[in-house]
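Add chain B to chain A, keeping to what the hints say.
Chains A and B, in that order, are what the protein sequence lines are. Per UniProt numbering, numbering of the first sequence is gapless, rising by one per residue and ending at 285. Per UniProt numbering, numbering of the second sequence is gapless, rising by one per residue and ending at 736.
Mixed in with the good hints, there may be bad ones.
Stated by the list, open to error - Where chain A lies over chain B, by a calculated footprint (3+ residues, C-beta under 8 Å):
hint: 1; region: 419-429
hint: 2; region: 612-620
hint: 3; region: 670-680
hint: 4; region: 718-732
Claimed, not checked - Below, in silico cross-link-like pairs of lysine to aspartate or glutamate (EDC-like), each with a Cα-Cα straight-line distance of 20 Å or less:
hint: 5; chain 1: B; residue 1: Lys204; chain 2: B; residue 2: Asp90
hint: 6; chain 1: B; residue 1: Lys290; chain 2: B; residue 2: Asp154
hint: 7; chain 1: A; residue 1: Lys278; chain 2: B; residue 2: Glu28
hint: 8; chain 1: B; residue 1: Lys17; chain 2: B; residue 2: Glu28
hint: 9; chain 1: A; residue 1: Lys149; chain 2: B; residue 2: Asp669
hint: 10; chain 1: A; residue 1: Lys278; chain 2: B; residue 2: Glu427
hint: 11; chain 1: B; residue 1: Lys549; chain 2: B; residue 2: Glu575
hint: 12; chain 1: B; residue 1: Lys204; chain 2: B; residue 2: Asp449
hint: 13; chain 1: B; residue 1: Lys290; chain 2: B; residue 2: Asp325
Please keep in mind that the hints were generated in silico from the structure rather than gathered at the bench. Bear in mind that the values here come from a model prediction, so they are computed numbers and not experimental data. Note that beta-carbon positions come from the ideal geometry of N, C-alpha and C, so glycine has one too.
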Amino acid sequence: MDFLRPSTWDEALAAKAAHPDAVPIAGGTDVMVELNFDRRRPPALLDLTRVAPLTEWGTDGDLLRVGAGVSYRRIIEELGSRLPGLAMASRTVGSPQIRNRGTVGGNLGSASPAGDAHPPLLAAGALVELASVRGVRRVPVDGFFRGPKRSVLEPDELIAGFLVRPGGAQQFAKVGTRNAMVIAVCSFALSLSLETRSVGTGIGSAAPTPLRATEAEEFLSRELDWEARGPVPPSVAQRFGELVAAAASPIDDVRGTAAYRSHALSVLARRTLAWAWKGFREVGP
Amino acid sequence: MTTVEAGVAGGVGTSPKRPDGGLKVRGEFAFSSDLWADDMLWGATLRSPHPHARIRGIDITAAVALPGVYAVLTHEDVPGAKRYGLEIVDQPVLAMGEVKYQGEPVAVVAADHPETARRAAARIVVDYEVLPAVTEASLGVLLRHVPIRTGDPDATADVVVTGEYQVGMQDQAFLGPESGLAVPAEDGGVDLYIATQWLHVDQKQVADCLGLPAEKVRLTLAGVGGAFGAREDLSMQVHASLLALHTGRPVKMVYGREESFFGHVHRHPATMWYEHGATRDGKLVYVKAKIVLDGGAYASSSTAVAANAATLGIGPYEVPNVVMDASVYYTNNPPCGAMRGFGAVQACFAYESQMDKLASALGLDPVEVRLRNAMTTGSRMPTGQIVEGPAPVADLLIRVRSAPPAPEGSGDLREMPGGVSNTTHGEGVVRGIGYGIGIKNVAFSEGFDDYATARVRLELIGGEPAVLVHTAAAEVGQGLVTVQAQIARTELGVERVTVATADTSVGSAGSSSASRQTYMTGGAVRAACQAVRAALLARVGGARLDGGKVLSDSGAVIADLASVIGDGPIEETVEWRHRPTYPLDPVTGQGNAHVQYAFAAHRATVDVDVELGLVRVVEIVTAQDVGKAVNPLAVEGQIHGGTAQGLGLALMEEIQMVDGIVRNPSFTDYLIPTILDMPPMKVDVLEMADPHSPYGLRGVGEPPTISSTPAVVAAVRAATGKALTRVPVRPEHIVG
Chain A
1 MDFLRPSTWD
11 EALAAKAAHP
21 DAVPIAGGTD
31 VMVELNFDRR
41 RPPALLDLTR
51 VAPLTEWGTD
61 GDLLRVGAGV
71 SYRRIIEELG
81 SRLPGLAMAS
91 RTVGSPQIRN
101 RGTVGGNLGS
111 ASPAGDAHPP
121 LLAAGALVEL
131 ASVRGVRRVP
141 VDGFFRGPKR
151 SVLEPDELIA
161 GFLVRPGGAQ
171 QFAKVGTRNA
181 MVIAVCSFAL
191 SLSLETRSVG
201 TGIGSAAPTP
211 LRATEAEEFL
221 SRELDWEARG
231 PVPPSVAQRF
241 GELVAAAASP
251 IDDVRGTAAY
261 RSHALSVLAR
271 RTLAWAWKGF
281 REVGP
Chain B
1 MTTVEAGVAG
11 GVGTSPKRPD
21 GGLKVRGEFA
31 FSSDLWADDM
41 LWGATLRSPH
51 PHARIRGIDI
61 TAAVALPGVY
71 AVLTHEDVPG
81 AKRYGLEIVD
91 QPVLAMGEVK
101 YQGEPVAVVA
111 ADHPETARRA
121 AARIVVDYEV
131 LPAVTEASLG
141 VLLRHVPIRT
151 GDPDATADVV
161 VTGEYQVGMQ
171 DQAFLGPESG
181 LAVPAEDGGV
191 DLYIATQWLH
201 VDQKQVADCL
211 GLPAEKVRLT
221 LAGVGGAFGA
231 REDLSMQVHA
241 SLLALHTGRP
251 VKMVYGREES
261 FFGHVHRHPA
271 TMWYEHGATR
281 DGKLVYVKAK
291 IVLDGGAYAS
301 SSTAVAANAA
311 TLGIGPYEVP
321 NVVMDASVYY
331 TNNPPCGAMR
341 GFGAVQACFA
351 YESQMDKLAS
361 ALGLDPVEVR
371 LRNAMTTGSR
381 MPTGQIVEGP
391 APVADLLIRV
401 RSAPPAPEGS
411 GDLREMPGGV
421 SNTTHGEGVV
431 RGIGYGIGIK
441 NVAFSEGFDD
451 YATARVRLEL
461 IGGEPAVLVH
471 TAAAEVGQGL
481 VTVQAQIART
491 ELGVERVTVA
501 TADTSVGSAG
511 SSSASRQTYM
521 TGGAVRAACQ
531 AVRAALLARV
541 GGARLDGGKV
551 LSDSGAVIAD
561 LASVIGDGPI
571 EETVEWRHRP
581 TYPLDPVTGQ
591 GNAHVQYAFA
601 AHRATVDVDV
611 ELGLVRVVEI
621 VTAQDVGKAV
631 NPLAVEGQIH
641 GGTAQGLGLA
651 LMEEIQMVDG
661 IVRNPSFTDY
671 LIPTILDMPP
681 MKVDVLEMAD
691 PHSPYGLRGV
701 GEPPTISSTP
711 AVVAAVRAAT
721 GKALTRVPVR
731 PEHIVG
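Looking at chain A on its own, in the form it has when it is part of the complex (with noise of 0.2 Å):
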């Protein structure tokens, strides 16, 4: 197995392009398991750690633009307070190793439906930056996700990073058969915007992909009350619940079965939706 070590962001994308079949490594956390287990044994290892503007992060316009190298523990220190949901995602993640050493590039790499970053990026509305020697663009993360374990990405492309609008109420809430260090059985996401008056929400390992609950962001920016931010009535809480499992097509597996992922991914729907209006109404915009 050849492994290429590019040291700048433009060797790092002739050598993808050079080597389309190399799988690009950061933290390695998914690539080494894969690795070891030998389910993967690919012809050439991209390695991006001594990228350094993959690690940074600063803003571009209005957005936030983050490199697909920055770690969840960096995530969750760095960034806590400009991207929460993102944060309280990242604290979700495996155990402090892993944080120190996984990526949210990678984590979208991966592309996998219970990838714990990609609920929150799904409610923010996320860009995910894809490059390559032919050009730059930007995808919408909602369109970002192919299938299990796979992306738009193209063979010759890297993930560059991803970028987001900060602020508003963000919120992660992830079920697990342990209290950490766990993959999720389900998850959810939720963004609420009182600029936009819009609602952002994300459901993960309930479907093939990651997904937006697009009819419960509908209902809910239609319900509640922006103007006085009143207090969410029980029924529409309910049917935000209701219309978020609906959205979901979960399976039965040696996690959990479809019915129990539905009943929580409404509860997490409610709770989270509580939790983010609470804070609207006592802090105020």
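Just chain B now, with coordinates in the frame of chain A:
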């Protein structure tokens, strides 16, 4: 009482640092998977993908043709006995014409690189004819039925509660996978470095399969990364030895995590039917019980597990009338065998659930109903055996009940059900409290000739007295090396003690299982030290040792210890036995089958998110009688670890089987408790000496695993009102 030397640091009853502790914490300890020989080859195993199939043919051509491959062996290459087994010799070294469980070894490969070995194994073509698999114990072939009858089988009672309970297949989940290194020797034999629980039982089985005399199969204990029963049976021992003898090169085998789930036996899944009859004031009149255990494809230690389930199956209670039938069956599921608690775990979940049900039916407090039936010294087991030693069942229960209530949560997410996964900020959270108490036999039972051997040498090194202790007892992480040194210090009054690496050049120590090693090997070391001391005192007509001096009857100093040792080291080897046990009557189950009983009680406090079915165990209080805490810190460690393993069975640990196929052979999906799942514990250690055991000690390792499971489940029941008759309890059982 014994003459115990005073004034030597690090003796019995203290907690000296364990020699492997710092190394393990720093990641520097050499486990069996770290073994290395310069010219070694790597072994790999081809396993059956089917739970049951006939093998019509095996074609190794493509595997042999792979460059770097040195040997590809099948059952035809096994020179000696083709089968092995702990109690019944029924398990093929390599499959012969048939595979009976998913993961059964079919062929082994040696190659110059582990990946080459795995690739070669994958190139072996096995022609399987898939056969129907029996995956329900009740439909399998009976392996052993243990009946117990005492009193009136037709007794009736005022209040009757019945229940059916199930225990899923738990895995020992040790962290160090099966591994070892086999080195061919010049005498045609083999030297095997191996992580195991019992070197001599491995030696016998390996020698039989290799067709070699035992003295040509020499075993040395390598660093063991946990055991919990999973290393009682052979895994890669014969395979690596076969490959080493065949190639003339050292061969190392290391299972990966996934393979490890197929490389060892598991805890028996159980289905249990119980009927308890009691008077209106809560005194048990009778218990009728039927326990069905799934033994899997091969016998392993199933017959002994069934006996434990039967003899301990009504719990630490006085019951005049008992009809108990425990049976274990062959199926096409993975073989089940020894795991911490060994049959007592499954039964305890059922009988403690029943005691709670009885309390509820009588309107009594769950502890009160237990107290009214608690066994004590002199009580009669359903086997007719009289409980001779201390049996502080009531005391243990009162202690855990009397502990202050668990603190209220601070609101920190880590204290909530779901933890940092942020599933609740208090919504749906209900607190519950539950109790459990269990009983376990210590050491081997039913007339087994259970002994341990120790060799102790007292000599001068650099002019100073020093002791060398040599046994074949397996240090599996429990701290036995430390305990052996403590005993030698206490008995000989010498601080400088070395414990030699365990190997088969000294007699058998028996297994590091059944909570027996401190009792048995500890007893043997103590007896060998006493023999050394007697020989030493005889040299100068001394009466006792004190402070490095030999004293007369009157206490006068006769000589310095060092001068008495002089140029003549003293070495004694002792084979030590506990009091004999006896077989069970095959019809009535009567007999003095066990040598010692041990008890622990737990109180669990849980917070349950009743809407999501998620559980956070808030606190566990436990009380356990250990007779004598030989190493108090190690005792506490055993109690913490055992309790965590029982919590795991209560809430998450299960090998999920569908039609004989393991669905979750990984630590991604076989979940064991993390530090955020295991709560703080209050541990109350009682030391009520057993008159028959060394220092009065009682086996410690298993009891905590037994009663923590029902205590946690009872607490979840208290919070949810759900029946919860199966462990592990899953979220969908709570919300369903």
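Hint-by-hint comparison with the structure:
Counting residues of the region 419-429 of chain B whose CB falls under 8 Å from any CB of chain A gives 9; the rule of at least 3 is met. Here the region 612-620 of chain B counts 4 residues with a CB under 8 Å from a CB of chain A, which clears the bar of 3, and the coverage holds. Only when three residues or more bring their CB closer than 8 Å to a CB of chain A does the claim for the region 670-680 of chain B stand; here the count is 6, and the claim holds. Check result for the region 718-732 of chain B against chain A: holds, 3 residues qualifying (beta carbon to beta carbon below 8 Å, three or more required).
Proposed proximity of B:Lys204 and B:Asp90 is supported: the alpha carbons are some 15 Å apart, at most 20 Å. Pair hint B:Lys290 plus B:Asp154 holds up; C-alpha atoms about 16 Å apart against a cutoff of 20 Å. For the proposed pair A:Lys278 and B:Glu28, the alpha carbon gap of about 50 Å is over 20 Å, so the pair is violated. Distance check on the hinted pair: B:Lys17 and B:Glu28 sit about 16 Å apart at the alpha-carbon level, within 20 Å; holds.
Our distance criterion of 20 Å between C-alpha atoms is met by A:Lys149 and B:Asp669, whose separation comes to about 18 Å. Restraint check for A:Lys278 and B:Glu427: satisfied, since their Cα atoms lie roughly 14 Å apart, inside the 20 Å limit. Annotation: proposed proximity of B:Lys549 to B:Glu575 is violated, straight-line Cα distance about 28 Å (limit 20 Å). Restraint check for B:Lys204 and B:Asp449: the C-alpha separation of about 16 Å stays at or below 20 Å, so the hint holds.
Between B:Lys290 and B:Asp325 the alpha-carbon distance is near 5 Å, which keeps this suggested pair within the 20 Å criterion.
Checked against the numbered hints above, the structure breaks hints 7 and 11 and satisfies the rest.
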